[in-house]
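S.K.: Each chain, letter by letter, is given below.
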Amino acid sequence: MRDEPSGGGSRKAAATAALAGVAPEPGVAKPDPILVADSVVRRFGGLTAVDVAHLEIQRGAITALIGPNGAGKTTFFNLLTGFDQPDAGSWSFEGVPIQKLPAHRVARRGMVRTFQLTKALSRLTVLENMRLGASRQAGENLFTALIRPLWRGQEISITERADELLSRFKLDAKRGDFAGSLSGGQRKLLEMARALMSEPTMVMLDEPMAGVNPALTQSLLGHVKDLREQGMTVLFVEHDMDMVRDISDWVVVMAQGQIIAEGPPDSVMANSAVIDAYLGGHHDAPLEA
Amino acid sequence: MDIDSILRNGLQAAVGIDAIVFALAAIGLNVHFGYTGLLNFGQAAFVLVGAYGIGIGVLYFGLPLGVSLILGLVASVILALLLGIPTLRLRADYLAIVTIAAAEILRLVARANSFRDVSGGSDGLSGFAGSYNALNPFPVGDYGFGYLTFDERAFFNIVVGWSLVALSVLAVFLWMRSPWGRVLKAIREDEDAVRSLGKNVFSYKMQALVIGGVIGCLAGFVYSLSRSSVQPDNYGTAFTFFAYTVLLLGGAARVFGPVVGAMIFWLVISLTDTLLRQGVTNDIIPSYILDGPQVGQVRFMLVGLALMLLMIFRPQGIFGDKRELMLDAR
Amino acid sequence: MAPPLKFLLLAVILASTIMPTASASAAAFGATAATGGEVLNVRLRSEDRTPVGGVTVTVTAPDGTEVGQTETDDEGVATFDIPEPGPYSVEVDLETIPEELAGLSLAQNPRDTRVDPGTPRNLNLLLATDPGAVRETASGWSTVPQLFVSGLRFGLLIALAALGLSMIFGTTGLTNFAHGEFITVGAVVTYVFNNIAELPFLAAAAIGIIATAAYGWVNDAALWKPLRRRGTGLIAMMIVSIGLGIFIRYVVAFFLGTETFQFREYAIQAGIDFGPFSLKPADIIGMVLAVVVLVLAALSLLYTRIGKATRAVADNPALAAASGIDVDRVIRVVWVTGAGMAGLSGVLLGITQGVSWNLGAQLLLLIFAAVTLGGLGTAFGAVTGALIVGILIDVSTAQIPVGGITLGVPTELKYVGALVVLIVILLFRPQGILGRRERVG
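Residue numbers (our numbering), protein chains in the order written: chain A, 142 to 430; chain B, 48 to 377; chain C, 45 to 485.
Hints are computed from structural coordinates only; laboratory data are not their basis.
Fair warning: this is a prediction, and the values are worked out from it, not measured in the lab.
Backbone N, C-alpha and C define an ideal beta-carbon position, used for all residues, glycine too.
Check each hint, because a few of them may be wrong.
Said to hold, decoys possible - Computed spacing ranges between beta-carbons, pair by pair:
id: 1; chain 1: C; residue 1: Ser-133; chain 2: B; residue 2: Ser-250; range: 53 to 59 Å
id: 2; chain 1: C; residue 1: Leu-278; chain 2: A; residue 2: Ile-297; range: 23 to 29 Å
id: 3; chain 1: A; residue 1: Ser-322; chain 2: B; residue 2: Ile-331; range: 50 to 56 Å
id: 4; chain 1: C; residue 1: Ser-133; chain 2: B; residue 2: Glu-199; range: 27 to 33 Å
Please take these sequences and the hints and turn them into a complete structure.
M.R.: Shown next as structure tokens:
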């Protein structure tokens, strides 16, 4: 078991290589897409929050979904994960259409998300938070729950896995504390670790770095890279472009509900449409030449 | 002042039928509100369904007691489903308004003259507990010790009632230490997080609503069988809020909270009632300060005040954990 | 009368009011007879629900022995000490009923009843012209206009209270279970100044409304604002409001008593005939006043600074605060005006249905129904919802013959109809008629 999450492993190279030949244009096809979305529309009253014509997410890569505030990133995210219903559109995960599935069924298919405002379960301990994340628990059935021997063995193995993840995320010292007593950054870590308990194939992170102090940011970034090393696909929402460059293999840019650009980080950041979108919508956005 | 009778009344109230009934009702509420965060403001409806289930089953349908009990239980499950299906997907306060409205609907229908031949109108029903009392194994005599001495009938009621409380407490304990209980507690904290981890939140909420409702229905059984009557106006909104006070007093989300809460609640109510009543009848308290009817109102003032103060200052109950209080900035 | 008996009597009276939310439970949870033996209360009323006193009532044991014989008192109540639980028979001597009620009879006389151990038995008897038949309140299409107008009046009065409840919810997120007490306070303070201080009714009403508004101010200043500061959760605050409501209600009951009072200048008015319906002058004035106040409130929400600010806070408190609106001040204004309007509603309701300690509590669920129907947190939705609830409650009682059967809700169940509609609405359109679909995420 590793002590420190490592950055550029073999999977990074693989992801970069796979995406090398892909043209940097909106809606481009990927060599091995895990998630494919088509004509997804969501309106609030007269406002069209999301209008995505086509998007593919490459398996095994880290994809960043960026855009100025109000671009519809989080709404799109909510739609994909079943937390909101679209007005139109379809999308599939590993070839299976999932646009009609409720959020929990999406999660069971292996696509697990976190939230922009962390949802640590305050009056549960850190360990209980972790155990909750494990899927297919026999003891979560109303009737088997009453008879401990039926779920005890599974609980022990779940606890072992939880402890492993907790030490990887440096939360093992907090194991017995209420999650509500953790700092903002620790909650982000806990939420990510808890999502991993369900052994997902794709992790959807909604602004994982928002509200985290700079000291923890690097560690969080390390953990995100680590997900790729373990073979998971990562899609994360971020509005700060600087965060994205370092860790993502591919960047998708949204503005006013639409995808206006995609490509490798450097080419996207040089794209004039992207710069316009940021300057037009959000003058304070950090921007590199 | 008759200290002896004050103490006897108080102690008997702490273990008596009222304490049992409210302990059961509050155990059900604990599953709803304490563990799952469901704001059920209509617990009285589940108790009513249990009480009337027996009464209507025996008197109107002419069923044996056992079948009537099953009728009550089935009715409480159906009630939970009816309440849950429209509301459990909505925000918490919708459940509160729907449950309180449903409880009032049931009470108004039960007391309506139009259905007098089924539910007995505002008089309610009586005379259905014959076969229950026939089950009493205790021969005529006094049971217990000291102040807690009961005749065979009261003793039978108390034994049956506390057995049901013990069973319910055991079931809640077993459930809440299991992964199933963990999901409920997580839903209370944040249901979207639970959903994102692949749990069917709606189904769990429904299970909690049904289980808490069935335990509330047991309270109705005890209430009606021990009095061998049901009266519709016992099941007003005040019943539910008494049960909430009991739950908050003992501490929500604690296995024994409702039991402790019910005993303290009825002990305090009985002590203040008897004290004030004796004060009034013995002219220790002048009648311009307090007269007979007002004693009853003082009781409700105390309940209202207790509910407010507990929720503001000790939401985790009077024996609660400080650690939890620190987090309770919800 | 000895205090315990007086208490029991009170319990009997409470137990038989139309919608005794908490009151009846006072009887149920009340202590039983202090001395040994059981108690049987017989309460005799005439068709229009007025107590009938001076009538001889006899209670007989199953073996034929007479347990007691007494006359009903001014409250129509005859109380018997019963030696032991069991079945008894109650007979009213119809020869002794007052002359003006001669010819009325009981559905069952003698009436069999059963006295249980530990609880006073309360038996309500109704003298009626044809006690066997269900009381016909109205029948046929011709009754609909009258029911519609009286429903409209009731709806307008509820709307006064519903608007405040909805705006409090909109600006603070609190579902205020103590809102009915604003209605009660308005009516009771008016009653006190009108009947006890003997001020003219209008002056007393003005004091009543101002006092309610002041009570609304105290509510926010002393309780809700500090709780908001502490970051108390909405569910916790909701339960606090339940406690507050119970507390205030019984403080009022403690000082006022539990009877229903009429304002001093109350007089039975003849209705003015408008053809298909008739209205009493007081009702017309009340309706006009309610409309004027509601229109004023609507205009100020639409056009005044504070009104616009209120809508902004209801829409998005964080954004409103960020754009320089003093959210706390807006909320304070909402509490004060919301309370004042509910106080006015209490005064107007007091004129027609009398002043009692649980006047507002009886209406609270209907107000919730109105607000939910219109859409929680919307001002105009609350008023629309209130009008629909009011009209629905009354019109649903019209007994319309269709084919061989008669459609219509019995009067005693008219509130049930409104509550059922509330639940059905939530099932199909949870955001209410005028509410917006909530944005997720």
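S.K.: Could you run down the list of hints and mark each one as holding or not?
M.R.: How the hints compare with the structure:
no.: 1; hint: C:Ser-133 to B:Ser-250: 53 to 59 Å; in the structure: holds, 54 Å
no.: 2; hint: C:Leu-278 to A:Ile-297: 23 to 29 Å; in the structure: violated, 39 Å
no.: 3; hint: A:Ser-322 to B:Ile-331: 50 to 56 Å; in the structure: holds, 52 Å
no.: 4; hint: C:Ser-133 to B:Glu-199: 27 to 33 Å; in the structure: holds, 29 Å
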